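> Both chains come to you apart, so use the hints to assemble them.
Protein chains in written order, with this note's numbering: chain A, 1 to 518; chain B, 1001 to 1267.
Just to be clear, a hint being listed does not mean it is correct.
As the list claims (entries may be wrong) - Covered stretches of chain B, as calculated for chain A (at least 3 residues, CB under 8 Å):
1. 1054 to 1063
2. 1091 to 1100
3. 1227 to 1236
Claimed, not checked - Far from chain A, some chain B residues (derived; all Cβ distances over 10 Å):
4. Gln1019
5. Asn1030
6. Gly1045
7. Gly1046
8. Glu1104
9. Val1113
10. Gly1146
11. Asp1151
12. Ser1155
13. Ala1176
14. Ser1194
Stated by the list, open to error - Partial chain B-side listing against chain A, Cβ under 7 Å, derived:
15. Ala1078
16. Ala1103
17. Pro1109
18. Arg1110
19. Ser1114
20. Val1115
21. Thr1126
22. Ala1128
23. Ala1135
24. Ala1191
25. Pro1195
26. Trp1203
27. Pro1206
28. His1211
I should point out that these hints are in silico values taken from the structure, not numbers from a laboratory.
Being a predicted model, the structure only gives us computed values, none of them experimental.
Just so it is clear, CB atoms sit at the ideal spot from N, CA and C, and this is done for glycine as well.
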Amino acid sequence: MGTGSREENASRKGSRVEPDRLSGDAPCIVVAKEKNALQIVSLDDAAAQLGLSIGLPLANARAIAPDLTVFDADAAADVKTLDDIACWCDRFTPLVALDPPHGLFLDITGCAHLFGGERALMQAVCDVLTYQGFTVSAAIASTSICARTLTRCISGQIVADGEEADAVDSLPVSALGADEAIIRGLRRAGLKTIGDVAARAPHEIAARFGAAFTTLLSHALGEGDAPISPRKPPPDYIVEQRFAEPVTTEDVISATLSRLATTLVKSMEKQGKGARRLEASFFRTDGAVRAITVDTGQPVTRGEVIDRLFRERLEALNDPLDPGFGFDLIRLSAGRTEIVVQEQRDLDSHVHDNDELAALIDRIAARIGAKRVVVHLPQDTHIPERAVLAAPAQQHLSASTQAAWPVRVEGEPPLRPLRLFEKPEPIKVPFATVPDGPPHHFTWRRAVHAVVRVEGPERIAMEWWKQDGQVLTRDYFRVEDEKGLRFWIFRDGLYGSELVDAEGKPAPPNWFVHGLFA
Amino acid sequence: MMTGARTNTLATLRGSIEQIETHGGACAFNKARLGHAEADAALKGGLAVGAVHEVFCEGHQSAVATGFVAGLVGRAAARRPLVWVRQDFSELETGALSMSGLAELGLDPRCMVSVRAADVESALRTAADALACDALGAVVLEVWGGARQLDLVASRKLTLAAQASGVTGLLLRVAAEPQPSTAETRWIVRAAHSPPTTAWNAWGAPVFDAHLVRNRHGLLGRWIMEWKCDECLFSEPAAHPQPVAAAPAHRSHQAQSVFKRSGYRFA
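One chain only, chain B, in its complex shape (with noise of 0.2 Å):
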């Protein structure tokens, strides 16, 4: 148990600490409510616009993380401008990026605009590039694999170039172990099973086994959320049965064991 001195000791610690990040306090985020309750609490209103948030999963789950992306672009920057950077194996592994999927989700195509790059520095490089252009709504930058380019220093000018420009920036890591970065938030994303109660015709909506394991600015969770097309909107899936095994509160931002724990299943 901590004190209460200790507990005021390590408020006042993290409270410098994010002046020192946050340049004596001058830049705070805009926040762009997500629509599950539970996680804009955790998140404490929303997702952070200006900001780089990842997202990884597993190798066969790509279309599933691509979908979780599509929707926290729609969230974060409807309507406005949006670049897609992808490598040229990343299409081949999991399929193109499908316009016709894109305006099924509630997105625009309009908006969208894919760039090729041939490899990971390029693709980083558009990224940082298209970043700094205050004119998007948000940059995503798809790699597929480990990439021992994207480290520390990579992802730090990420964020700078989001913060300067208020681009919201999406790292959509497919078959990627997490490293450390000064990314926002970290997801892992996996897909979940479409609501047992549901019509037999009417099953299908995008729904994500999102587990939040980094959070700068609060707290860590896990939840089913099902994207509604119409609305464009994350929400709780009616009468879903939610996963049991509650997540530890805080933990190490080296989240590798969620990849390597075996048997891992949910009711």
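Bound conformation, chain A alone (with noise of 0.2 Å):
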């Protein structure tokens, strides 16, 4: 049973905005193709006025009323806008969840107090979107079906705990939102009102329509409750700041940020947490937000770290934030947060250069993106291509101070090269005198290179366990040219054995150059 858990639910009809704003007298609808013939899927009251209803073929609808404005739907625009509403009502509540196609659910538990009470919120919200252009229908129950149901029939409801049988007891079955074939059922039957429903046993509606219509016609008496599924996980800890006048200047917003940083820090710092993620959200007046989320690499817990993460941030965004007529509400909240172990400060400087190393690669990151300041595993592999792994340095820094890397030999040149082809590059060789033996002279990029000294083959064979198809061995030279370059050449596939045409004569094999050496 719900108790305490107060839902809205703002229900929406008319598919577009842009019908309302244009109709004036004409009457607007809006069609979908549905079984290979155009159908209505939202009018306006005017045209509902001229006797026309969803589902009635443009056919037929134009033969009614000749002079309809009609618009084609556009699914992906109308889960925008929705969206868009959605992250609007983030503003009341961090609970927000999607009940597609025209539906929100806000759970407004413990919130409804800041905005005046639940009748003043639900006012709030209606007037907003109304002002906008949206048809809005709101009603406050203790379940989110019972609040619901009640948007279909009778807008701005509030039913009080225990109330709700009574409430939805008189509206058509219809209203319940469950499969149309049910509600054809139901009708036949002669059940026309939900109460009429409620009033048989609910073994004899379960066995005719399935147990889900049951469990959904309890909910939307409230005598069962489903949690609804938020778009976003609730953060640990948010702060605001709402303003009475909008506010557009740069200052204000970098000095809000900062003061909403101190703050969260102190609410934060009360349980010994330092925050993983941060997420700022920006609340126009005309309704659009823009959400702008810090990643660090370790718990912040100062003020001015975290004011210095958005400030990069936001310096570094592509299309800047744009105030508009100006915030109404800035809002910072820490998404994901961990507990601190609070560290004496040792004397010694060095000992601290880990955080100090982490705060700057949180800052790099902030600015060019998470992916593009990397660290680096090694890994247990022969391919040269594959034997490290370049991870991002927010999450794996400690994991690559602690790596195990392959021990250099002694009194050894370097035999591996120190710049790296991602994809090795081919080269021309004319046809060497040992068939398998390295060349004489090579093309790489239009230069031709005449080998002085080479030293090899070091043969790398593929990994044949992991790959499905023929993989070709390498044999790999490291050879110096008459300039004293240095270059890390293969051969791909053993000459005669691997490398064989389909008469099994010998084939001509391939050259690539994989690095250079220093």
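In structure tokens, the structure reads:
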């Protein structure tokens, strides 16, 4: 029984905003193709008064009202609009769930008093959305299904705890939002209102219409509740600043952010927490919401660090923050937090190098993106291009400092190149004197290099157990040309055994340069 | 010939310029010995730590210059964290920096944080940021081709950041023409042959033909330097022919002629 959990459902009729705006007097309808015919999916009041209804074919509608304005349905735009409205609703509660195609659930438990009570909150939501050109129907009830059922028939109802059954008693069964087939079946059985259905024994209904419908019915009657699934997980900490007068200047915005950061840090400090993910949301007066997220490698416990990270991030935005007519709400939330162990600072200045390095990495990542700052982890493979994994530094800094790299052989010159091409570059090699020997000269990037010294081959076989199809063994050579440049080149395939043409004769091999030595 | 009086005046002037540059002599550089005796003598003890150094090379010599920079990093800031900033384009053109190769040179890949910047501006900004962080040992900024963003102002910013934090900054400029800058030293690096006398299978240690074309506090020079991977040290290669053409002792910092001179080679 959803005691205390109060849901609001703002259901929206009318698929698009534009028809309402454009309408004037001319009736507008939105049509979509269904079963190979264009049918009305939504319509405005003027069209409804002419006797049109949802599901009517367009040809019939045109016959009834020749001066119809017709729009094509745009499902993607509908979804986006609903999502944008949900973003805007975030200002009332962090728990906003979508109820496609036209509905939203808001869990306003413990939030209503911030906006002057349930009635005032619902009024505020309806007023703003109506002003924006939407048709809104809202209701507040203890369970989400009950609220939704109410919005389908009456707008602006608030149902007290325990009165759900009375409230939905007289509503038609179609308001439940069950399948079309079930509704039709109920009507045929003579059960017109929800009260009629509720009066029957539950096992009779379940036997005829399935358990899912009985569950839906009991939720509508307030006899049970299913939790809504919010769009975003609720953040651990939220601090926000509302403005009576919308703010537009950068100074005020950044000052607000740093003030919020200080407050956030204080509230996290009480529970010994530090933030790993921070989100700043900017609510514009015209309803648009911009959220900016910053991730950190280590839990942040200082306000100035948060402030600096956001400054870096805001400066580096491709599409800068556009205040438009101003922001009336700025919110800072910590989406992910961790427990911070307080440590005594050491007098040795190098002990905390890693902390400072992590902070630097956070700053750089905030500006240019987390994937662009990497550390390197050795991999257990012989294949040169896969021997090292570049992993995002924020998450893998400590792993990389403890990684075990293969030990270099003392007294040997470097056996691996300093520069490695991700994709080996093909080189032109005239046929070598010894077929499986090194080349005398080769052409790479339109320049000819004469080979003066050679060392090799170092044979590296591919990992046949990991790959499908044939993979060729590579013979690597270290070569030095007449200018002193050193290359790492390889022949793809073993001459004569792997490299054969259709008749079984040896085929000419392909050569590649894979890296450059210092 | 200069008279004694003129030499004196010149020395006094040089001294006062130095005082202005170093804010009243408060900051004297720590030096990291390179290991090559002549180079160390010219650099008055070694590479200045907490300063910016530039390394130039031609396009096809990028790996060699990378090795030289890695060597300087190994000398200036061994075992301290290193941030290597490079452009996306540089990676395509000259290959990615290989950690296995870096480990082969005697450096520690665990200290290394790579930053791939999309363009020169963000690379420069990141490098300046990193240079200001005193937890690091060195910062390498790798830029491909001419970059007008790397002007005197940008260079001055990097120098000041490096001085304040004591982090060594290394600019690796591949396929670029030297421009006026506030760098402490400027090198032009190209590959040198492996010593001819070494055994057939023991060649391949990095050998650089390093040309010091700018040195704010000392003489210039040109040396063949070999990198000893095991000792993590530069050295004179054994029995290696030194370049015959002696480098001029002093020349303007615009050493562009090096790139334009055709038919240039050493014995």
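> For every hint, state whether the structure bears it out.
Now for the hints, and whether the structure bears them out:
1. 1054 to 1063: holds (count 4)
2. 1091 to 1100: holds (count 8)
3. 1227 to 1236: Since 3 is at least three, the answer is holds.
4. Gln1019: holds, 29 Å
5. Asn1030: Correct as stated: the minimum Cβ-Cβ distance to chain A is 15 Å, above 10 Å.
6. Gly1045: holds, 23 Å
7. Gly1046: holds, 20 Å
8. Glu1104: Check fails; 4 Å does not lie beyond 10 Å.
9. Val1113: violated, 5 Å
10. Gly1146: Given that every Cβ of chain A is farther than 10 Å from that of Gly1146 of chain B, nearest at about 20 Å, it holds.
11. Asp1151: For Asp1151 of chain B, whose nearest Cβ neighbour in chain A is about 21 Å away, the distance exceeds 10 Å, so it holds.
12. Ser1155: Consistent with the label, Ser1155 of chain B stays out of reach of chain A, its closest Cβ about 21 Å off (over 10 Å).
13. Ala1176: holds, 17 Å
14. Ser1194: It is violated; Ser1194 of chain B is separated from chain A by about 6 Å at its closest Cβ, not greater than 10 Å.
15. Ala1078: violated, 13 Å
16. Ala1103: holds, 5 Å
17. Pro1109: This hint holds: Pro1109 of chain B lies near chain A, its Cβ roughly 5 Å from the closest one there, short of 7 Å.
18. Arg1110: Holds, about 5 Å.
19. Ser1114: Given a least distance of 5 Å, the restraint on Ser1114 of chain B holds.
20. Val1115: holds, 5 Å
21. Thr1126: holds, 5 Å
22. Ala1128: violated, 11 Å
23. Ala1135: holds, 4 Å
24. Ala1191: holds, 4 Å
25. Pro1195: violated, 11 Å
26. Trp1203: With a closest approach of 5 Å, the Trp1203 of chain B hint holds.
27. Pro1206: Since the shortest Cβ distance to chain A is 4 Å, the answer is holds.
28. His1211: violated, 14 Å
Violated hints, listed in ascending order, are 8, 9, 14, 15, 22, 25 and 28; each of the other numbered hints is respected by the structure.
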